[in-house]
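Peer 1: Quick note, the sequences are listed as chains A and B, same order.
Quick note: the first sequence uses the working numbering, first residue 1, plus one each step.
Quick note: the second sequence uses the working numbering, first residue 1, plus one each step.
Keep in mind that the hints were calculated from the coordinates and are not lab data.
A couple of the hints might just be wrong.
Said to hold, decoys possible - In silico lysine-lysine, DSS-like type, Cα no more than 25 Å apart, as pairs:
{"no.": "1", "chain 1": "A", "residue 1": "K322", "chain 2": "B", "residue 2": "K230"}
{"no.": "2", "chain 1": "A", "residue 1": "K54", "chain 2": "A", "residue 2": "K19"}
{"no.": "3", "chain 1": "B", "residue 1": "K23", "chain 2": "A", "residue 2": "K19"}
{"no.": "4", "chain 1": "A", "residue 1": "K23", "chain 2": "A", "residue 2": "K54"}
{"no.": "5", "chain 1": "A", "residue 1": "K253", "chain 2": "A", "residue 2": "K54"}
{"no.": "6", "chain 1": "A", "residue 1": "K23", "chain 2": "B", "residue 2": "K19"}
{"no.": "7", "chain 1": "A", "residue 1": "K103", "chain 2": "B", "residue 2": "K19"}
{"no.": "8", "chain 1": "A", "residue 1": "K19", "chain 2": "B", "residue 2": "K19"}
{"no.": "9", "chain 1": "B", "residue 1": "K2", "chain 2": "A", "residue 2": "K23"}
{"no.": "10", "chain 1": "B", "residue 1": "K23", "chain 2": "A", "residue 2": "K2"}
{"no.": "11", "chain 1": "A", "residue 1": "K206", "chain 2": "A", "residue 2": "K226"}
{"no.": "12", "chain 1": "B", "residue 1": "K253", "chain 2": "B", "residue 2": "K266"}
{"no.": "13", "chain 1": "B", "residue 1": "K103", "chain 2": "A", "residue 2": "K230"}
{"no.": "14", "chain 1": "A", "residue 1": "K253", "chain 2": "A", "residue 2": "K19"}
{"no.": "15", "chain 1": "A", "residue 1": "K226", "chain 2": "B", "residue 2": "K103"}
{"no.": "16", "chain 1": "A", "residue 1": "K103", "chain 2": "B", "residue 2": "K226"}
{"no.": "17", "chain 1": "B", "residue 1": "K89", "chain 2": "B", "residue 2": "K206"}
{"no.": "18", "chain 1": "B", "residue 1": "K266", "chain 2": "A", "residue 2": "K230"}
{"no.": "19", "chain 1": "A", "residue 1": "K103", "chain 2": "A", "residue 2": "K89"}
{"no.": "20", "chain 1": "B", "residue 1": "K230", "chain 2": "B", "residue 2": "K54"}
{"no.": "21", "chain 1": "B", "residue 1": "K23", "chain 2": "A", "residue 2": "K23"}
2 protein chains.
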Amino acid sequence: MKIHNFGAGPCILPQEVFKNASKGVLNLGNTGLSVLEISHRSNTFQSIFDQTKKLVLELMELSDVTHEVLFLQGGASSQFALVPMNFLKQKALYIDTGVWSEKAIAEARNFGQVEVLKNSSLEGYLKLPDLSIIRSGNYDYVHYTSNNTIYGTQFEDVLKTDCPLICDMSSDIFSKQIDFNLFDLIYAGAQKNIGPAGMTLVVIRKTFLDELVESRIIPTMFNYQKHIEKSGLLNTPPVFSIYVAMLNLTWLKEQGGLLHFDSYNKKKSFLVYKELERNTLFTPKIHIGSRSNMNITFDLVNQDLSSDFLEFSLSRGIHGIKGHRSLGGFRASLYNALSLDSVQCLVENLNVFERKYVD
Amino acid sequence: MKIHNFGAGPCILPQEVFKNASKGVLNLGNTGLSVLEISHRSNTFQSIFDQTKKLVLELMELSDVTHEVLFLQGGASSQFALVPMNFLKQKALYIDTGVWSEKAIAEARNFGQVEVLKNSSLEGYLKLPDLSIIRSGNYDYVHYTSNNTIYGTQFEDVLKTDCPLICDMSSDIFSKQIDFNLFDLIYAGAQKNIGPAGMTLVVIRKTFLDELVESRIIPTMFNYQKHIEKSGLLNTPPVFSIYVAMLNLTWLKEQGGLLHFDSYNKKKSFLVYKELERNTLFTPKIHIGSRSNMNITFDLVNQDLSSDFLEFSLSRGIHGIKGHRSLGGFRASLYNALSLDSVQCLVENLNVFERKYVD
Numbered sequence: 001m002k003i004h005n006f007g008a009g010p011c012i013l014p015q016e017v018f019k020n021a022s023k024g025v026l027n028l029g030n031t032g033l034s035v036l037e038i039s040h041r042s043n044t045f046q047s048i049f050d051q052t053k054k055l056v057l058e059l060m061e062l063s064d065v066t067h068e069v070l071f072l073q074g075g076a077s078s079q080f081a082l083v084p085m086n087f088l089k090q091k092a093l094y095i096d097t098g099v100w101s102e103k104a105i106a107e108a109r110n111f112g113q114v115e116v117l118k119n120s121s122l123e124g125y126l127k128l129p130d131l132s133i134i135r136s137g138n139y140d141y142v143h144y145t146s147n148n149t150i151y152g153t154q155f156e157d158v159l160k161t162d163c164p165l166i167c168d169m170s171s172d173i174f175s176k177q178i179d180f181n182l183f184d185l186i187y188a189g190a191q192k193n194i195g196p197a198g199m200t201l202v203v204i205r206k207t208f209l210d211e212l213v214e215s216r217i218i219p220t221m222f223n224y225q226k227h228i229e230k231s232g233l234l235n236t237p238p239v240f241s242i243y244v245a246m247l248n249l250t251w252l253k254e255q256g257g258l259l260h261f262d263s264y265n266k267k268k269s270f271l272v273y274k275e276l277e278r279n280t281l282f283t284p285k286i287h288i289g290s291r292s293n294m295n296i297t298f299d300l301v302n303q304d305l306s307s308d309f310l311e312f313s314l315s316r317g318i319h320g321i322k323g324h325r326s327l328g329g330f331r332a333s334l335y336n337a338l339s340l341d342s343v344q345c346l347v348e349n350l351n352v353f354e355r356k357y358v359d
Numbered sequence: 001m002k003i004h005n006f007g008a009g010p011c012i013l014p015q016e017v018f019k020n021a022s023k024g025v026l027n028l029g030n031t032g033l034s035v036l037e038i039s040h041r042s043n044t045f046q047s048i049f050d051q052t053k054k055l056v057l058e059l060m061e062l063s064d065v066t067h068e069v070l071f072l073q074g075g076a077s078s079q080f081a082l083v084p085m086n087f088l089k090q091k092a093l094y095i096d097t098g099v100w101s102e103k104a105i106a107e108a109r110n111f112g113q114v115e116v117l118k119n120s121s122l123e124g125y126l127k128l129p130d131l132s133i134i135r136s137g138n139y140d141y142v143h144y145t146s147n148n149t150i151y152g153t154q155f156e157d158v159l160k161t162d163c164p165l166i167c168d169m170s171s172d173i174f175s176k177q178i179d180f181n182l183f184d185l186i187y188a189g190a191q192k193n194i195g196p197a198g199m200t201l202v203v204i205r206k207t208f209l210d211e212l213v214e215s216r217i218i219p220t221m222f223n224y225q226k227h228i229e230k231s232g233l234l235n236t237p238p239v240f241s242i243y244v245a246m247l248n249l250t251w252l253k254e255q256g257g258l259l260h261f262d263s264y265n266k267k268k269s270f271l272v273y274k275e276l277e278r279n280t281l282f283t284p285k286i287h288i289g290s291r292s293n294m295n296i297t298f299d300l301v302n303q304d305l306s307s308d309f310l311e312f313s314l315s316r317g318i319h320g321i322k323g324h325r326s327l328g329g330f331r332a333s334l335y336n337a338l339s340l341d342s343v344q345c346l347v348e349n350l351n352v353f354e355r356k357y358v359d
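Required output: the full structure, derived from the provided sequences and hints.
Peer 2: Written out as structure tokens, the structure reads:
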């Protein structure tokens, strides 16, 4: 039976990527060496490294003249600290859309003043705050999380501000066409649309580096400038994660790039939301206008059916749809590599489950 | 032609590990899922995680009652900062054996007073300092690097001190039988005898956690205590690196554990040093008493033969013996997974190369 992996991350990558990665572990491009045993100072790795950087910039329609690309470690969680450590002098504005931005805010408060904008109405994190009120201010930067995996919320448009703009794009990077040039720093844990866990992508506008904090002593490994000075190879990088990212971004490009995935991902999520709206047993958690195309959260109207639904889904090959432990309910993640076929299977599953109880 | 990988790291791992890792990338233990797409909150991953921790403690003959095991990211280079950030209150003693300890010292100086013990004689880093003079002192801890990959030096015995003892074992961990219970904190980048790059092992004695700095604000991801509170799963861990570490440590145990590799590695390095002493074309860089069993550095008496020797070696399948760019010459790394067969091939290669010029 085919398994449909709707997990929130680490998540599905294309089968083609798994196959090539598996080959590389045995014999990397007929070098006779495993990708796991090559030196990070070898020409073989350098060309993987360069190619991955190039693909990142190409997909983002950015240039290496204006932007730096780093492949770091420690996940977005480490960037929560690195961003303020490197750039927070006085005051920053953070948009609070729940768990991930809350964590980022907590780390930033260790380094300076943090103003927070959130939706404080009853809906809490199930509805995104209105960002149209952000104009300008004396902020070192404005920070937001473009997609929240836990609640299933996503900003459709890029936030508009006159201040430097920083975004945690961990869970929706490369899933749609946006103007990446609007950001001064973008970071993302790899384990959704980039590659396997263990690598963190950071893209920084070079002119933004003029704004680096000078008065603070920053450990070498947490200092963006030090990584850049060593062309991103300050120490041994996560070789395998970068290699698989290269395979995956190549696949992404070959499929038609971000323009393709923009419409493909919208189509997939549209089908699921439509079914959730129609189906009398289920209801989507998130308000229209705040809904994510990556992570769709929903509830059973009658929660007593929960374990029955999970079991029923599993028996049909549908994996990873249990909601986040902090929120309950269900969550279907529709990252780039999840096929329309899998989505149709989920929709049918919701449909058949309804008939089981309603008929 | 068989390739003999003498690279300094990321380095050779057992072929059996490559084979199993390659399978896991396609289908992990018949789950139908790739190890690259499983959730770090799944039972499948939890059991890999627990098993890897168990193997670490078993090989070290330590108990989870007295010790904590963490799988972090960012390499030993990040630990250079985390150690003083978490444990340096007033003053620490660092043994300086060259590049790696120098980097650790530079990071520690940001957080407190650092005293340095080094070999300041003419030999510089080619001869290890005499550690017998370290008795006790008002040090928060004593820190040393057990093996230096660049120069090819290695302490045979564990440093003796009354102070808490911290060791960077990146390049010789699990290569020999030692009393791991003598240390309060051990850290090691994975990419030698543990697994692929992208994971850093940290083992901490629980009672040493009473000595954590309290007055300093430490970002969550750089705070050992916070990782321990979340049982090592504070954020998404480097799933694949941990999985391969499990495969490799299982192999290590099955081969006979550290007792086996202790004698096996001594035997391998003995053969190479013996040939280097005998061979009229070559000379080992390091003084007897300071020589590493992991990384053997050597020179050609006539340096004009360098590129000829490298080419000659490559043509016989011998890879990765070019010396570190900062030191020149040659370096053969004999990590656990490098077979006696490969060592014999290297020795023969040195021998045949000699005959080519001397006969």
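Peer 1: Does each hint fit the structure? Answer for all of them.
Peer 2: Structure-based check of each hint:
Distance hint between A/K322 and B/K230 is fulfilled; the C-alpha atoms sit about 21 Å from each other, no more than 25 Å. Only pairs whose Cα atoms come within 25 Å are accepted, and A/K54 paired with A/K19 is accepted, the gap being roughly 23 Å. For the suggested pair B/K23 and A/K19, the alpha carbons sit about 10 Å apart, so the restraint of at most 25 Å is met. The hinted pair formed by A/K23 and A/K54 meets the criterion: a straight-line CA distance of about 23 Å does not exceed 25 Å.
At most 25 Å may separate the alpha-carbon atoms for a hinted pair to count; A/K253 and A/K54 meet this at roughly 12 Å. With a C-alpha separation of about 10 Å, the suggested pairing of A/K23 with B/K19 holds against the 25 Å cut-off. Note on A/K103 and B/K19: the hinted pairing is violated, with a Cα-Cα distance of about 39 Å set against a maximum of 25 Å. Proximity of A/K19 to B/K19 is assessed by CA-CA distance (about 13 Å); at most 25 Å being required, the pair is judged to hold.
Distance restraint check for B/K2 and A/K23: the Cα-Cα separation of roughly 18 Å lies within the 25 Å cut-off, and the hinted pair is therefore satisfied. At roughly 18 Å between alpha-carbon atoms, B/K23 and A/K2 fall within 25 Å of each other, so this suggested pair holds. Between A/K206 and A/K226 the CA atoms are separated by roughly 14 Å; this keeps the pair inside 25 Å, and the hint holds. A distance of roughly 18 Å separates the Cα atoms of B/K253 and B/K266; the hinted pair therefore holds under the 25 Å criterion.
As the CA atoms of B/K103 and A/K230 are separated by approximately 15 Å, the hinted pair is consistent with the 25 Å bound. Distance restraint check for A/K253 and A/K19: the Cα-Cα separation of roughly 18 Å lies within the 25 Å cut-off, and the hinted pair is therefore satisfied. Taking the CA atoms of A/K226 and B/K103, the gap is near 13 Å; set against the 25 Å cutoff, the hint holds. Among the hinted pairs, A/K103 with B/K226 is consistent with the structure: their alpha-carbon atoms are about 13 Å apart, no more than 25 Å.
As the CA atoms of B/K89 and B/K206 are separated by approximately 18 Å, the hinted pair is consistent with the 25 Å bound. Between B/K266 and A/K230, the direct Cα distance comes to roughly 36 Å. Violation of the 25 Å bound is thereby established for this hinted pair. For a cut-off of 25 Å, the pair hint linking A/K103 to A/K89 stands: about 19 Å separates their Cα positions. This hinted pair checks out: B/K230 and B/K54 have alpha carbons roughly 17 Å apart, not beyond 25 Å.
Restraint check for B/K23 and A/K23: satisfied, since their Cα atoms lie roughly 9 Å apart, inside the 25 Å limit.
Violation of the numbered hints given earlier is confined to hints 7 and 18; the remaining hints are satisfied by the structure.
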